[in-house]
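Trainee: Chains as they are written, first to last, in the working numbering: chain Y, -14 to 446; chain D, -14 to 446; chain X, -14 to 446; chain S, -14 to 446.
No lab work stands behind these hints, which were simulated from the structure alone. Be aware that one or more of the hints could be misleading.
Identical chains blur together in the list; that is why a pair holds if it fits in one copy or across any two.
[As the list claims (entries may be wrong)] Restricting the straight-line Cα-Cα distance to at most 20 Å, the calculated cross-link-like pairs of lysine to aspartate or glutamate (EDC-like) are:
| # | residue 1 | residue 2 |
| --- | --- | --- |
| 1 | K375 | E399 |
| 2 | K322 | D383 |
| 3 | K324 | D278 |
| 4 | K333 | E269 |
| 5 | K84 | D140 |
| 6 | K388 | D443 |
| 7 | K47 | D180 |
| 8 | K249 | E146 |
| 9 | K249 | D334 |
| 10 | K363 | D407 |
Protein chains: 4
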Amino acid sequence: MAGLREECGVFAVWNDPEAAKITYLGLYAQQHRGQESCGIISCDEEKFYEHKGLGLVGDVFKEESFKKLYGHSAIGHVRYSTTGQNHLSNAQPLQALLKTGPVAIAHNGNLVNAAQLRHQLIQTGAIFQGSNDTECLLHLIAQSPKHDFLESLKDVLTKIEGAFSLVIQTKDKIIAARDPMGFRPLVIGQRKLDDGGSSRVIASESCAFDLIGAQYEREVSPGELLIIDKNGEESFEFGTSERKAHCVFEHIYFSRPDSYVFSKSVYMMRKLMGQALYNENPIEADYVIPVPDSGVPAALGYSEESGIPFELGIIRNHYIGRTFILPSQSIRSFGVKIKLNPQRHILKDKKVVVVDDSLVRGTTSQKIIQLVRQSGAKEVHFCIASPPTKASCYYGVDTPRRKQLIASEMEQEEIRKHIGADSLTYLSVESMLKAIGESKQNYCAACFDEDYPTKIYDLQK
Amino acid sequence: MAGLREECGVFAVWNDPEAAKITYLGLYAQQHRGQESCGIISCDEEKFYEHKGLGLVGDVFKEESFKKLYGHSAIGHVRYSTTGQNHLSNAQPLQALLKTGPVAIAHNGNLVNAAQLRHQLIQTGAIFQGSNDTECLLHLIAQSPKHDFLESLKDVLTKIEGAFSLVIQTKDKIIAARDPMGFRPLVIGQRKLDDGGSSRVIASESCAFDLIGAQYEREVSPGELLIIDKNGEESFEFGTSERKAHCVFEHIYFSRPDSYVFSKSVYMMRKLMGQALYNENPIEADYVIPVPDSGVPAALGYSEESGIPFELGIIRNHYIGRTFILPSQSIRSFGVKIKLNPQRHILKDKKVVVVDDSLVRGTTSQKIIQLVRQSGAKEVHFCIASPPTKASCYYGVDTPRRKQLIASEMEQEEIRKHIGADSLTYLSVESMLKAIGESKQNYCAACFDEDYPTKIYDLQK
Amino acid sequence: MAGLREECGVFAVWNDPEAAKITYLGLYAQQHRGQESCGIISCDEEKFYEHKGLGLVGDVFKEESFKKLYGHSAIGHVRYSTTGQNHLSNAQPLQALLKTGPVAIAHNGNLVNAAQLRHQLIQTGAIFQGSNDTECLLHLIAQSPKHDFLESLKDVLTKIEGAFSLVIQTKDKIIAARDPMGFRPLVIGQRKLDDGGSSRVIASESCAFDLIGAQYEREVSPGELLIIDKNGEESFEFGTSERKAHCVFEHIYFSRPDSYVFSKSVYMMRKLMGQALYNENPIEADYVIPVPDSGVPAALGYSEESGIPFELGIIRNHYIGRTFILPSQSIRSFGVKIKLNPQRHILKDKKVVVVDDSLVRGTTSQKIIQLVRQSGAKEVHFCIASPPTKASCYYGVDTPRRKQLIASEMEQEEIRKHIGADSLTYLSVESMLKAIGESKQNYCAACFDEDYPTKIYDLQK
Amino acid sequence: MAGLREECGVFAVWNDPEAAKITYLGLYAQQHRGQESCGIISCDEEKFYEHKGLGLVGDVFKEESFKKLYGHSAIGHVRYSTTGQNHLSNAQPLQALLKTGPVAIAHNGNLVNAAQLRHQLIQTGAIFQGSNDTECLLHLIAQSPKHDFLESLKDVLTKIEGAFSLVIQTKDKIIAARDPMGFRPLVIGQRKLDDGGSSRVIASESCAFDLIGAQYEREVSPGELLIIDKNGEESFEFGTSERKAHCVFEHIYFSRPDSYVFSKSVYMMRKLMGQALYNENPIEADYVIPVPDSGVPAALGYSEESGIPFELGIIRNHYIGRTFILPSQSIRSFGVKIKLNPQRHILKDKKVVVVDDSLVRGTTSQKIIQLVRQSGAKEVHFCIASPPTKASCYYGVDTPRRKQLIASEMEQEEIRKHIGADSLTYLSVESMLKAIGESKQNYCAACFDEDYPTKIYDLQK
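Start from the sequences and build out the full structure, keeping to the hints where you can.
Mentor: So, in structure tokens, the structure goes:
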């Protein structure tokens, strides 16, 4: 049902006797960031061990998978496929043998100059077996004139543009790097071991640390290159940028509410956006009804701020399996009903504010409003705790085509009519950023206002 | 994590060109009532067609499964196995060829005189291939001296004691029956067909009707035998009882919050119990925190009644697959953490009321309280929106052994210490029933007070 | 490709510390007797433990399946489904709780009075959950007026007519029984245990003993009831018959060539029939070519007797998986070609005798002859090492409908033309029996000559 | 049980409306050449479509797999993994985007200078994602200074040494190439289409053509580069060698008996080797007994030449599934018995010649001889229709380590004692080649005599 989809989540661990299992848990907790393929590469200082597959973490990894994932360090990845073909050859982490030894990379984000780099690399004789940016990175490192891996990597990090939160495994190091604008999150933590020591963990979201009993410490800074090995840790600044570009959609929808991203509680940001939503366009109603689960925190904020009672007027069924056989066409709005069930006894004859986190295509919103009306609601006011999505993302998010983004095709009043609401309100970009206490200088909201923080190359569009 | 488990859900449909698919959806919506096996038997007035299997509805039924489920009527069943062996031979509906023709039965509930009946039947030469009560029913009908199926059935319905909500398929009829005390729910609805006609649907819970676009009409009355065939519908009263015995745990935990059972909204009953919980033992705190998802409605009621702000201080992860590989023992409380993640930024230094729906073994409660404390809560007050479970159910619910029911072994103060709460409060049976507007004359609360509405035979214990 | 299919194989073991695993191997070796479902029921003198499923033995049983199959005795079964619906409810062994305790039965064969017995039993109030004869047996035992299980069983064995080779498990016994005419095979052996003791094993075919390292001892005699328990073994004769009725098709096709059935080597019988085939109708040719694998022993016999060189002119591909996607219709005779590949360099310009074991529908024979001709053979003489199949079997074999049996519809010369052979020869019933050294008094050849050794009831046809 | 394993089989088709399905069948027929992974890449002149997986052809490809394999040309591959890790990243065909466009390659054979090439390529900045030679080929083509794909390919074909039978797919061509010594087979055929046209097919073995109804035409010549496109076919000789090096083990064991390889019938070669085996060391006995299935043709030859009767004294069970649960240790020689069952009634008190195709480790031979003796054979003469394997293969065959090759560790008499035979005879390299009518100039028999036809580099050993 979601309109935008995060493309990846990464995880890495150093110095843990159960490195592969810890990575598995770290990916499991980040399953929401990518559900089409996943993989782990571990290392015992001699060799790399790999297990990758198409599907969910819990399906790809079995007890026996861990029997061959030796070693005390590991990196892992979950991903969506960006385009049609869900090739296993695109599943990450990607490993390769370079002249400086073997290396494995897991990447969250998208490079904006990937097509150019790819084209240049092919001209010089590089071969591309898949279609992801990570292969580009490997080639760049391989072709760097530097003789040392770290020097090559530093070199490459200054040549790539766009969004990249990387974890890298070499025979004797775990490395993390984040682009100078900090598009995607990347956090560091520590896990106490039974023997008194501790292991280093890196993840896209802090919720991965909670599951494994690790302590969140800080973000990997934009432009930071962090190298972890036997001698300890070293941090370099490989690039700087006045302008930061944290993805505001991480707060709105992508990240789990129990995560800290960009040093803020996702749950709290959502509540604050819900409060701002009321303050910007106060609507009086009998009930505030969230679209579960993603609209719940904003609806709580809306209810608190407005004093209008919060009611679970739409119940979500969590017993939904992965496969579902489509019934006859005679059952209308089935796709929505299998998940969401409005409650007539609450909605009947009531004036309700329905709160959702975002508005992308508008198709689901339309069906929800219809179901709510059929359940007897007198007035349905649809309130979105973010601006309407209007433009494509080039930084690691799978956006529908522009034509499918309802707000790029229609004005507010048209949308309201289209989705069938009595009123439609949403947050402006300014109010949204104000609500989370930030300025435009630090965040990317290009999917709302087309103000892209980097150059966008023609090849990419 | 649940301590008590509903054992079954049933569904039936008459006169629907897509009878098997509608039944599939009816079972899908009632998956929470039984996740170990499921089955459908359809009928085209000539023959029965069957598909059963171990596992979830979405896994057992594939597109091809429906190619052989012909006919315009069908019954279906989801079930838990009550005891160790999860035999497919116990999967329902059960069908048999009797002298009056073929019959299939799906049953929710448990008979209290099943062991006696079974013993008698075996003496007369009946053979039992499984261990469920339904086979008992089939034998009783088969051995009835009456020559007509309906007469035999009526006869049998007066001989069985305990809880039974039945749907029955014969070549030309769909039949529903519910025990005179009405232990388990059973509801009737109607679904408009595209051709202008309508089909009759019967289910354990009304949420099944919402998914298939059917209208809820009423409960099958306690003691009612409803016969649906080409000539229309006929209703008989095969038994009456002053004392009714609706299972109060259907309101507390078993049923989906978006269902109507016993003519009441489950969601509303849970809110009312949450309100009563505060009124019976008012506790002042900074936040009301639900144990998600089951504790959310009661927590909302608690918060509304008390004026204490409601906060999602514990976030539930809904991306949990069915299989999970256990990590090292070094990760404590892992079983709880994979589902529930407390939020430090909310809980830190706060006095919180944690609301859950029920208290059965106490093990999960203990872990939750521990996690909440580790997240910095200053005081943790554990409030249960029902009485503590003390005794076994003989009416179709899988209860842990008495020794595992914490309230049958410990006094309130001991429990509080055991689970590590600063205070422990719960509803009395009286307040609970008062909250939902009912008297003890109508409800069964035997799992709380051991006041069993029927005779309990020695063989059963 | 086979026209007739054996319906079942049975196995039993007494006093073996690995009873379930030994039974698994016994079924594995008899997989050719039934590939649609299989099951094992073991017993530890207290309880029965069951594992059954649809599919091959190697797929239904996993390492973990054996963790719950306790006990030192067990019985097992492999089966084909006789009719359309491949219900798991028909999978054997079948177990039931009777007044004399629990019992489990595995059955090879078909009763000719099953329909009558079934009808009578239903009138007396028995319920039938499946459609197999074994359920009939259980009901008859349950309804026997005798109070002792063995007395009831003896009673019942005299009431059932037709083919039955049974193994039965009770809490403290393993029982074997075979109908007085001895239609289906049933053999006894002994397996030395590591501790110096020995276990008793019973199987349909002796090849099961070879795999588990057991020694073949003898057949269970027609009319014998063998009871094995702690006190040793007891053998009763519950019925006698002058006329015996060993199924000659066990020699021709059903049994594995490395088995002893009816005290004869199957491989040797096939060779002898091949010799007789030449002697009855000597044909001179360049090569004797078997249709592999089933025609190989007869072709060896034919070659030895005639002196014509034996050549593998048709090679069988053994790498055939279970599922196969059908290619375009443009590939002719594909179903045969995926298994059989004629060798042009051998067949080209040669006069060949092609030897197969039996002729049922004629469709495969037609395709084989066509392929052999396309490979350049000058003359193709088709020789069948048995008489052509003309009539249905009522004793435990799945025969195609009469209309599909080519020899019931056409005369020899018509068949020859239809299948496209230059000549068609086969064994007469008399020569066949003479070849294996037997008289019609001992064997059933009703599928060839319609001389049924028992009464055939109208209901059955 | 086999000691040596072929590592790959390839297939290609041009101009077939069902290119992917035909390739599927071509792989299916060549399943014996590689059972660990398989894949198909098809092309519609625009794009490549890929489906690969671990496992058997029949399991990896489902009906739906073909829905996305568009186009009229395709190449396919089956493979064994040579070393421990069965990575999907090594599954072929391998595709890559080069500056001259996309290309996909499937490769049978091993390059002897792969390690050197790999090392050089890595130094120049190439990255290796897998461990197979094919990736090497792709890099060499990519780095060739030539601007045209064909020119680059020709260039590369002269730089690689060792065994390679290649099929290559580009957007508008299918290409085949075979090393100048012709180590591995590669054959060309034609398939008539329904529309009157024809498609071009290329395979490792001619048995692939039989299944799809194509006509075998000729071998791709050693040193030939064949290019097929819209304009027809062009053949180049990219290299020549006086010395040819056809793998004699293709005749002995690898290829299917119904294939033509190196322009000879495999079945016939095996019979000729069986004849020569008798002539070189005539042994008189009661029976010639083949070890089925691989020893059957040689045993037929032995029997024909010697006049000693051929008997199936060991029966092979073909109902063996892929998974098998190991029984207790008390069942001796189980691994052999599950497949092979000696027949006591034939072997008892007889002097037998047991014929097998080859002798590698000796472990299976030892068990077979033991089983034959236990079945009563008086004398067991073990005759191998090839020389004993002594040395590693570097040309695409998975050989056990030298220490495990019994003939590299023991003299003939020691081996005889070790395997427990009364006599052990085998073919000399000379007699073997003479039997098949060839000189050492044309064949590679290095696994027997260590006379490697190419340089073997130190890195490789």
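Trainee: Work down the list of hints and note, for each, if the structure agrees.
Mentor: Going through the hints against the structure:
1. For a Cα distance limit of 20 Å, the shortest separation of K375 from E399 inside one copy, 15 Å, qualifies, whereas the shortest one across copies, 59 Å, does not.
2. When the C-alpha separation of K322 and D383 is checked against a cutoff of 20 Å, the pair qualifies neither within a copy, at 25 Å, nor between copies, at 30 Å.
3. Taking the closest pair of Cα atoms, K324 and D278 come within 20 Å of each other both inside a single copy (10 Å) and across two copies (15 Å).
4. For the identical chains of this complex, K333 and E269 are intra-copy neighbours only, at 17 Å inside a copy versus 33 Å across copies, given an alpha-carbon limit of 20 Å.
5. Taking the closest pair of Cα atoms, K84 and D140 come within 20 Å of each other only inside a single copy of the chain (16 Å); across copies the shortest separation is 24 Å, beyond that limit.
6. For the identical chains of this complex, K388 and D443 are intra-copy neighbours only, at 19 Å inside a copy versus 61 Å across copies, given an alpha-carbon limit of 20 Å.
7. With identical chains, the CA atoms of K47 and D180 are never at most 20 Å apart, being 27 Å at best within one copy and 38 Å at best between copies.
8. With identical chains, the CA atoms of K249 and E146 are never at most 20 Å apart, being 25 Å at best within one copy and 59 Å at best between copies.
9. Within a single copy, K249 and D334 get their C-alpha atoms only as close as 39 Å, which misses the 20 Å cut-off; across copies the closest is 19 Å, which meets it.
10. Proximity of K363 and D407 under a CA criterion of 20 Å is satisfied intra-copy only: 9 Å inside one chain copy versus 45 Å between copies.
When each numbered hint is compared with the structure, violations occur for hints 2, 7, 8.
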